[in-house]
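Student: Residue numbers (this note's numbering), protein chains in the order written: chain A, 1 to 215; chain B, 1 to 236.
Everything labelled a hint here was simulated from the structure, so no lab data went into it.
This structure is a prediction, so every number in the text was calculated from the model and none was measured.
Check the hints yourself; a few may be wrong.
Heads up, simulated EDC-like pairs for lysine to aspartate or glutamate below, C-alpha to C-alpha not over 20 Å straight-line [what the hints assert, rightly or not]:
{"hint": "1", "chain 1": "B", "residue 1": "K193", "chain 2": "B", "residue 2": "E95"}
{"hint": "2", "chain 1": "B", "residue 1": "K25", "chain 2": "A", "residue 2": "E165"}
{"hint": "3", "chain 1": "B", "residue 1": "K25", "chain 2": "A", "residue 2": "D166"}
Simulated restraints, written as ranges between beta carbons of each label pair [said to hold, decoys possible]:
{"hint": "4", "chain 1": "B", "residue 1": "N167", "chain 2": "A", "residue 2": "R101", "range": "35 to 43 Å"}
{"hint": "5", "chain 1": "B", "residue 1": "K25", "chain 2": "A", "residue 2": "Q51", "range": "38 to 46 Å"}
{"hint": "6", "chain 1": "B", "residue 1": "E34", "chain 2": "A", "residue 2": "K91", "range": "17 to 25 Å"}
{"hint": "7", "chain 1": "A", "residue 1": "S79", "chain 2": "B", "residue 2": "V199", "range": "55 to 63 Å"}
{"hint": "8", "chain 1": "B", "residue 1": "A30", "chain 2": "A", "residue 2": "D159", "range": "28 to 36 Å"}
{"hint": "9", "chain 1": "A", "residue 1": "R101", "chain 2": "B", "residue 2": "A138", "range": "35 to 43 Å"}
{"hint": "10", "chain 1": "B", "residue 1": "R201", "chain 2": "A", "residue 2": "E165", "range": "42 to 50 Å"}
For glycine and all other residues, C-beta sits at the position ideal for the given N, C-alpha and C.
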Amino acid sequence: MKTDKQANWNEIFVAYSEPSWNSLFRFSMSLCRNHSEAEDLMQQTLLKALQAVPNFFSHNYSASTPDEAVLAAERQGLSELRVHLLNWMLKICKNTFLDSRSAARHKLNHLPIEDWDESPDATSDKTGGQSQQPPPSTVGPETLKSQEDAFFEQALDDDWKERFEDLSPRQRSIVYLAAEDYSYKEIAQLLEIPIGTVMSTLSRALGKLKKKAST
Amino acid sequence: MTPENSNNRTRPAWKAQVSDHFGEKNLSNAKKEEFRNFLLNSEIQAPISVTSSWFTSQKWSKSLISSVISAALAASLTFFFVNSDSEDSRDPIAELTQLPGPRIYPPDFDLEGDSKALQDIVFDLFADKEYFVSKLPAQVLADYKPTEGRFFSWDGEPAVSIKMDANAQEKLQIKSDPATLFIVKLSEKSLRKFPKEKVTRKVAGHSGKMNKVKVWREGKYGYAMVQSIAATESTH
Chain A
1 MKTDKQANWN EIFVAYSEPS WNSLFRFSMS LCRNHSEAED LMQQTLLKAL QAVPNFFSHN
61 YSASTPDEAV LAAERQGLSE LRVHLLNWML KICKNTFLDS RSAARHKLNH LPIEDWDESP
121 DATSDKTGGQ SQQPPPSTVG PETLKSQEDA FFEQALDDDW KERFEDLSPR QRSIVYLAAE
181 DYSYKEIAQL LEIPIGTVMS TLSRALGKLK KKAST
Chain B
1 MTPENSNNRT RPAWKAQVSD HFGEKNLSNA KKEEFRNFLL NSEIQAPISV TSSWFTSQKW
61 SKSLISSVIS AALAASLTFF FVNSDSEDSR DPIAELTQLP GPRIYPPDFD LEGDSKALQD
121 IVFDLFADKE YFVSKLPAQV LADYKPTEGR FFSWDGEPAV SIKMDANAQE KLQIKSDPAT
181 LFIVKLSEKS LRKFPKEKVT RKVAGHSGKM NKVKVWREGK YGYAMVQSIA ATESTH
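All chains, full assembly: derive it from the sequences and hints.
Tutor: This is the structure we're talking about:
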């Protein structure tokens with residue numbers, strides 16, 4: 001049986017998070033490819049976030065009760081709070097995805113499943129697929145910007161969505177977040193990876209799309 | 001910049017295309033309603049807390065609490081002795097040799113064509129970057145070419161493993177086997193176990209194969225260069 005306090009936390013979480021559900025779902029889609037799998041991931045994410053929402057407000061806004069959380073939201077500004085809440089849920093979503101992959105791999109006794117940072121054609125990449133592409137580690141913001149410009153000039157053909165599906169979950173999620181205008185630094189914080197890895201992964205992903213687009 | 005205040009006029013085309021593609025993916029109203037009901041009716045697991053009324057209302061509380069405290073005390077003492085013993089016997093250097101490194105798992109970064117980029121990549125990992133600039137092992141880089149690496153967490157601290165291939169242009173023409181360089185930020189517990197001067201050890205791996213480990217410490221950072229020993233060398 002729920003208490004009033006529990007009901008308030010539930011209502012607060014739904015009220016503040018619901019406007020971001022589509023964004024969370026799209027991020028989930030970038031990780032999962034499959035619509036129903038993305039819905040399952042999102043449900044797990046929302047449940048975990050709900051369980052942790054008192055901690056979210058306590059840690060970030062020093063609000064230990066639902067009433068204090070509402071006051072904090074008013075002080076902070078609702079739109080800013082929603083962005084903060086969405087970014088927090090994106091991080092939970094990514095971790096839930098990785099946990100589920102790890103559990104699935106264990107359950108399947110190490111049978112190959114799609115890896116977080118390995119695309120299906122990763123092997124062919126290593127054997128020469130990157131010959132026309134500068135090494136990711138050498139890529140700085142200026143180089144990446146020029147690659148983006150080149151990518152813009154070539155434009156995407158009609159098959160880009162299929163090639164996008166061939167990218168690894170990490171590459172897809174980084175491309176998605178970059179397309180949503182998250183900065184490299186913000187992506188690095190959300191995915192909990194170094195900023196250099198964000199840049200090199202994005203460069204590699206764009207390179208794959210560009211390379212295949214030109215063939 | 002947050003997603004809300006992006007400037008569409010300066011956006012590259014690919015961003016618009018990817019964003020538009022995902023913009024078509026929405027949750028159905030039925031699914032939203034399902035999530036809403038699910039969330040409103042889910043119980044939040046409250047943190048375990050014991051109120052004073054709980055204590056006073058239970059007749060058996062005193063004996064229970066006494067038992068719990070006794071058990072907790074006994075467990076704490078046992079844990080302390082076992083843990084302190086295991087800490088003393090812990091060998092972080094041997095532990096490092098058992099780690100799979102970048103050869104097993106997909107790398108987080110590769111350095112093909114520009115091994116000097118290693119510094120830039122590794123700087124992202126460690127907070128006190130200026131310290132790290134001066135302490136990157138130049139001698140190792142002279143003999144080996146870092147090719148790719150992987151970030152991981154070791155002993156609760158950030159760490160990186162780097163695949164090192166013997167430098168093909170080595171003037172001395174001494175053929176070396178590939179190695180893995182582990183750079184770890186040392187925890188307080190591991191700091192004592194790492195030698196300040198460079199030391200070479202031989203440690204048996206999982207498969208029984210011997211590994212040669214050159215290990216040293218620079219401030220709070222531990223370096224371990226792990227290399228399989230050739231059969232002829234391991235018999236000596």
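Student: Take the hints in turn and mark each one as holding or not.
Tutor: Evaluation of the provided hints:
no.: 1; hint: B/K193 with B/E95; result: holds, 12 Å
no.: 2; hint: B/K25 with A/E165; result: holds, 15 Å
no.: 3; hint: B/K25 with A/D166; result: holds, 18 Å
no.: 4; hint: B/N167 with A/R101: 35 to 43 Å; result: holds, 37 Å
no.: 5; hint: B/K25 with A/Q51: 38 to 46 Å; result: violated, 26 Å
no.: 6; hint: B/E34 with A/K91: 17 to 25 Å; result: holds, 24 Å
no.: 7; hint: A/S79 with B/V199: 55 to 63 Å; result: holds, 57 Å
no.: 8; hint: B/A30 with A/D159: 28 to 36 Å; result: holds, 32 Å
no.: 9; hint: A/R101 with B/A138: 35 to 43 Å; result: holds, 39 Å
no.: 10; hint: B/R201 with A/E165: 42 to 50 Å; result: holds, 48 Å
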